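Using the hints, position chains Y, F and P against chain S.
Number of protein chains: 4
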Amino acid sequence: MKHYGSKAEDLKIAYIGGGSRGWAWTLMSDLARADDISGTVYLYDIDFDAAKRNEKIGNSIPHNFAYKAAETLPEALKGADFVVISILPGTFDEMESDVHWPERYGIYQSVGDTTGPGGILRAMRTVPMFETFALAIKENCPDAWVINYTNPMTVCVRSLYKVFPEIKAFGCCHEVFGTQALLGFLASDGGAPIPRHDIKVNVTGLNHFTWITSASCHGRDLFPLLYDFSRRLLSEPAKPIVHDEHFSYFGSQDRVKADLLLRFGVMGAAGDRHLAEFNKGGLYLRSPETAESWGFTLTPVSYRREDLRHKLELSEAYYSGKTPFTFKNSGEEGVLQMRALLGLGDLITNVNLPNVGQIPNLPLGAVVETNASFTCNSLKPVSAGNIPASILPMIAGISANQELIAEAALRRDRELAFCAFVSDPLMTASLDDAKRMFREMFDNTSAYLKDYK
Amino acid sequence: MKHYGSKAEDLKIAYIGGGSRGWAWTLMSDLARADDISGTVYLYDIDFDAAKRNEKIGNSIPHNFAYKAAETLPEALKGADFVVISILPGTFDEMESDVHWPERYGIYQSVGDTTGPGGILRAMRTVPMFETFALAIKENCPDAWVINYTNPMTVCVRSLYKVFPEIKAFGCCHEVFGTQALLGFLASDGGAPIPRHDIKVNVTGLNHFTWITSASCHGRDLFPLLYDFSRRLLSEPAKPIVHDEHFSYFGSQDRVKADLLLRFGVMGAAGDRHLAEFNKGGLYLRSPETAESWGFTLTPVSYRREDLRHKLELSEAYYSGKTPFTFKNSGEEGVLQMRALLGLGDLITNVNLPNVGQIPNLPLGAVVETNASFTCNSLKPVSAGNIPASILPMIAGISANQELIAEAALRRDRELAFCAFVSDPLMTASLDDAKRMFREMFDNTSAYLKDYK
Amino acid sequence: MKHYGSKAEDLKIAYIGGGSRGWAWTLMSDLARADDISGTVYLYDIDFDAAKRNEKIGNSIPHNFAYKAAETLPEALKGADFVVISILPGTFDEMESDVHWPERYGIYQSVGDTTGPGGILRAMRTVPMFETFALAIKENCPDAWVINYTNPMTVCVRSLYKVFPEIKAFGCCHEVFGTQALLGFLASDGGAPIPRHDIKVNVTGLNHFTWITSASCHGRDLFPLLYDFSRRLLSEPAKPIVHDEHFSYFGSQDRVKADLLLRFGVMGAAGDRHLAEFNKGGLYLRSPETAESWGFTLTPVSYRREDLRHKLELSEAYYSGKTPFTFKNSGEEGVLQMRALLGLGDLITNVNLPNVGQIPNLPLGAVVETNASFTCNSLKPVSAGNIPASILPMIAGISANQELIAEAALRRDRELAFCAFVSDPLMTASLDDAKRMFREMFDNTSAYLKDYK
Amino acid sequence: MKHYGSKAEDLKIAYIGGGSRGWAWTLMSDLARADDISGTVYLYDIDFDAAKRNEKIGNSIPHNFAYKAAETLPEALKGADFVVISILPGTFDEMESDVHWPERYGIYQSVGDTTGPGGILRAMRTVPMFETFALAIKENCPDAWVINYTNPMTVCVRSLYKVFPEIKAFGCCHEVFGTQALLGFLASDGGAPIPRHDIKVNVTGLNHFTWITSASCHGRDLFPLLYDFSRRLLSEPAKPIVHDEHFSYFGSQDRVKADLLLRFGVMGAAGDRHLAEFNKGGLYLRSPETAESWGFTLTPVSYRREDLRHKLELSEAYYSGKTPFTFKNSGEEGVLQMRALLGLGDLITNVNLPNVGQIPNLPLGAVVETNASFTCNSLKPVSAGNIPASILPMIAGISANQELIAEAALRRDRELAFCAFVSDPLMTASLDDAKRMFREMFDNTSAYLKDYK
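Chains as they are written, first to last, in the working numbering: chain S, 1 to 453; chain Y, 1 to 453; chain F, 1 to 453; chain P, 1 to 453.
Hint data in this document are derived by calculation from the structure and do not stem from the laboratory.
Be aware that a few hints might be false.
Since the list gives no way to pick one copy over another, a pair counts as held whenever it fits inside one copy or between any two copies.
Computed list of lysine-lysine pairs in DSBU-like fashion (alpha-carbon distance at most 35 Å, straight line) [to be verified]: (1) Lys7 / Lys328; (2) Lys7 / Lys435; (3) Lys138 / Lys68; (4) Lys2 / Lys453; (5) Lys239 / Lys56; (6) Lys450 / Lys7; (7) Lys78 / Lys435; (8) Lys239 / Lys138; (9) Lys2 / Lys435.
Fair warning: this is a prediction, and the values are worked out from it, not measured in the lab.
The following block holds chain S by itself, in its conformation from the complex:
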């Protein structure tokens, strides 16, 4: 990498999972618009062919970055300045088991990739992969900044640090942005929504169970507005959900957020589908109907499969040149973060990092999500203060459970993982059922769980 004060050239970015048809294109789009950085993106994927296709797609866009499919992980990583990790751990078949198998035991998950029985099995598959990544980064590019987008976020970032404590890794997630957008809408008093970056929030908690304890805009405290909104919202029943729209599977009506605010005095700062999964099973996810009464729906894996088919078609169209690559304003911050770390513009935003004191009433080392200050060569969390007492019982338990999953998976200790499985908030089954469910879900995904004792 070369640096000229106001621009950086010859960057090497390694992208693990670089054959993807979502995040990879987003990154291409965002890099193309950053005119003060240039270099090469190495695309690594266990599906080399997919990486090759993205190589061609990326290079078809005339801009400042070249794309290159890497045949091995070391080739991608060697000397990299940045590493981006965005993978699907396993296939949709494994995800099918994660998300839907627990339904046989009356456990419903709106997403199933972070917590709940599905999140735990997913963690068990993912952590060994992240162990490999951390060791390879240590070997090939120990000074690189590592950005993770993969779920389960908390466990992934924790594993990277457990394996290679000096790693400069952080986890990014756009869920808080949506909450800031809601605040921007409320703050606009009916005018044009106020841009997200003008909404100043204190972020705290764990990824996907993230919270906002204060919010201001242009000198105005936004919590009174938020209380009004929440009371009004919950005074009417949820709007009916039409199940064939894309939004229906990923959006929400903010009713869970409203309910959490009125109950706990703190604002949930992730989509309702995610927030719901960290609450006790009986509350928002007793049944698909309960979920709908709260204004959101479960995201079936069948929908994800269908969505993938569309993306594969699009990939083919991009690849063949039939369709020109579409640049989008992604709203993601990965490239802004890279630029800030290169000294090209400071940034404060929320990320996932080991606790070094930013949340004094959670254990040091546990991965938490708070604001952090990105500046030249430096990423430092901003103090978020103590987790409020009203939500600490939930968060303290969940944080310890995430630690337990990471530890169990690094040890490949199936019994220890079962301890986490039983302690998950969504677990409402009897002990016998829990045991059976765990065994079945393990067997369903055993191709990815070979080392477990």
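Leaving out everything else, chains Y, F and P in the frame of chain S:
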């Protein structure tokens, strides 16, 4: 108080709840056999008549302590060396609501005085009483050692310290003793059970959700024995429970303990009825039948009422002199603790105290149960080390919830108390049901909840 | 206060010490150039006449703020949005004793207002004043942001929080700025110095014993430059000091900073005069000659008296209108901080705040200096990480001693203050001499120490 | 090892430094009187001949333990139940440099083996040896209990844990016993001194800078007695010291202890010679005369050499059988501790262990000295509470400096060790002198410092 090296005279012991027909007689019995201490026990009770009766009963035993019913709390406390607190917060009517009302919502509690919906309502009633006690102790005998036996233990002790941080209070509970007895039985290899004090255990956790992380006897590690016992026990079904025996309502078959050991690698150290209540509602307490399949039964308040009737008859018999007072080897340690604090024999035993570092991975200040060293004028917890990772998710959450209840009750904040109500592990109801249940249980016991907002 | 998104009007700023001839004019100057805020500055001073004069001077500048001398502290504070505290605790007579009396015992202080025997006596005078301020702020403007400039900074800020824990106070000091300027000079490679705000530093430690653990500019690590500079600097002897120049009393040649860097691997981030005072007495301040061999000189109070005479003349000239008020680019950040807190421009800069985790290896609550993020209604420290092991022995001891002074002064406990006096790093006297010195210095300044036991 | 409930046989004890003429004989003496344990003591020493001699001496005493000189460390350690470490790191020549070289720079040390310039150089020699021991223990007897008697205690124990975190090591020192004896004398009111074990104390701090925060005996608070004693003692001048008596070199008149108590409100709990060395150089150790005015004298290495000559003669006499081995009541607790760990009698006594929360205001991991509970297979520190504020500035700084020395020595980092050298409380030299002194002392002992960079 006068001290002569090997004996202490003129002690003043204040007994809050001194009209009781259980603990009061136990104390009389134990004091009568301690021949190196003497003085006066002041019995204070909101039922003055009951205290008067116990005064007569106590004085009918010819020994080293005089008994005196006190008409006011200050009279009982003024200049006391020791204060014993053992009260029933409310009547059996309130307890009826605590224990049985949640059954209407499918929530079963084996005891209902510590955690669960019943434990939380009981805490809401009890904390204001303990606030009164703490203030009166501060005023009348700030240097006294204060021994609490009242449940919910954790919350009671925490409240005393929140209100009067310099108080010298601790909480005693005999539940761990039973677990040591089980170990003594196992260690005896079929011979005479080894006495409890020869079973050396590391105690950790929260009252009634207490754990033993290591156990030895005469140089022998007892955990292998315990694993064998547990596997053998669970290989057979539970013995059927006969519901008309006293033991059936308070005893257990140790199956919950065995299950916890095999699952988490740590030994639960309280009766199964208590341990079960801190686990998720679905596990051991899904229904009365589930409980019985685990070898224990729910303790109905009707049985407690009946038991009280027997005790009242016995009280009358003692009072009238018809029946001579029965001295029992109580197995309780209150008097041993007093003697140790007077410099008459060191003691290490488990008690409930604010965390000053004895459990480094729980928050400072939270009340925890560990071993402690009692010696002349000094009570210091013994380091228990970190809570093991496998059980930390449960304990971290529960500990934070106990903190939340204490805080909510001290603020008389009904909404904050509801946050704890929903976060309790036994809560399996839907949100609407939880709200209704809370409102009803509040109304059922509102005579004791007048200050709540 | 009224807020219109891009500007704030009707601000009330209370200035305690508003009769000053230095900081008050700086504030006037800086406020005059902030065109998006307006309102009234209330000047409170125990020398009401001085406040009155500043009122006239302030109002003679045609701009957005009105000035008003307040007769009482409550009048100044009532409903204030911001409070600025910048006082001289006592007169130059007290300072004379602080700074020069210890010289009779061979203890030399370059400044004498922060640490050392002088700093401790000054703290003993100042803390009771800050207790008064904290109580008055609690009463009159509990929500105001409070900016302290008074030394001893750490102890002053700590006292405000001990007396009124919910206060929104922070301490500002420009010493780090000079260090950033040095880095900006080094980073320029001989060209125009790079502006301070482009020099990104991680700040940590205690006020006036502040450290920089990393520094970057435009993607370049500045530590290699800094090592070169330091080695080169120390390879030559110090330049001779001419004692009649203003700079000679307040400036330095950065030799102490260079020495600390080469020894400890961390960069001292305050003027050498301040840094020297936190080192053992024998090192940089064994004698005035030792100091000069390190390129700095002691600042005699006689020079401060002379300097004041000039300022009083200037005050008279401004007041009478003979000389027009001089606007200066102060380089101070107080007004930038106010604007940021009003939502008019985010800022990251170093300030003094209680430790809420920003330095995990110093005690929670202790006042420390690190970067912090100022944004709308919010001030949050940025994590600085652990104090490096090489300097922790010094800082851990000094931080505990500052806590001790604050505590001793709040209790008006002279003996406890003496414990801090003896533990100060500059203390090289024998115990008898230390006792005598303490007694004499106490007596010298006893007019301000009346409540001490 | 075999265990029969009331006795343990076939113990293997490894003694590193087993050729010693002091501690080895003490251990023989103490083991001979413990009739419930038996086995073999393996004596390992770099002076194999000395070990051989002790083998013969040990076996000449008819009792329950056999002695065997081991030629290699693994031979001694293989399968050991206990390991005792008591070595002299280097020879008296190195100690000569440690203790007396700093006198050329006006730095006087009463002992010179724990802190001060001498203690730091000694640590630099000792830590690499302890690294070897820890690795050999890990390899040969990872489950053994390891008792260290070697100084510098804090650094030795810390190194064992840094190298092998699972080690079951603790450090023993009899200095506190003497302080308890003083209390026993005071408590006796002129009668027979009360035995040490009846004096109940709360011990806290660091080895040789240990403190007692409360003391009781038979229900009586001993601090009032202690204040009286201290005031009376210091009202008279010190008694003159006769320099040819053994006691004069190792004893004291408790004047330092008295002064510390009256100043800080806490009782120093080590011999005055040790306590003095942790105070600033100017206070008790400005000169040999200052020391004598405080009632103690510096211990010259020449005296130690002479003392050794006597011991060698005695060794010869024992070895040849001319003189029968003398059994002494050592007052040491090593054998009591072993017995307690074997389940043959519980014990609470003070030891050096990593901080796991026993002192919440010192860092976790730092080695501290507090009471601990020894019971079957278990050693757990007893909570000592926070270090009192008055002495925390000293202790926080010293503890961090001990951490720094251990770290520097493990890294063989000479420059980092110099940081600790300068931060030591006894260091009063100028920076140039400190550098020269460090270089010279390093060169004086370079035979033992070969790996340092």
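Hints and how they fare:
1. Lys7 / Lys328: both (23 Å within a copy, 34 Å between copies)
2. Lys7 / Lys435: neither (56 Å within a copy, 45 Å between copies)
3. Lys138 / Lys68: within (22 Å within a copy, 48 Å between copies)
4. Lys2 / Lys453: Between copies, since 34 Å is at most 35 Å while 47 Å is not.
5. Lys239 / Lys56: The answer is neither: 44 Å in one copy and 64 Å across copies each exceed 35 Å.
6. Lys450 / Lys7: Close neither inside one copy (46 Å) nor across copies (48 Å); limit 35 Å.
7. Lys78 / Lys435: neither (43 Å within a copy, 43 Å between copies)
8. Lys239 / Lys138: Intra 50 Å, inter 47 Å, cutoff 35 Å: neither.
9. Lys2 / Lys435: neither (55 Å within a copy, 41 Å between copies)
Violation of the numbered hints given earlier is confined to hints 2, 5, 6, 7, 8, 9; the remaining hints are satisfied by the structure.
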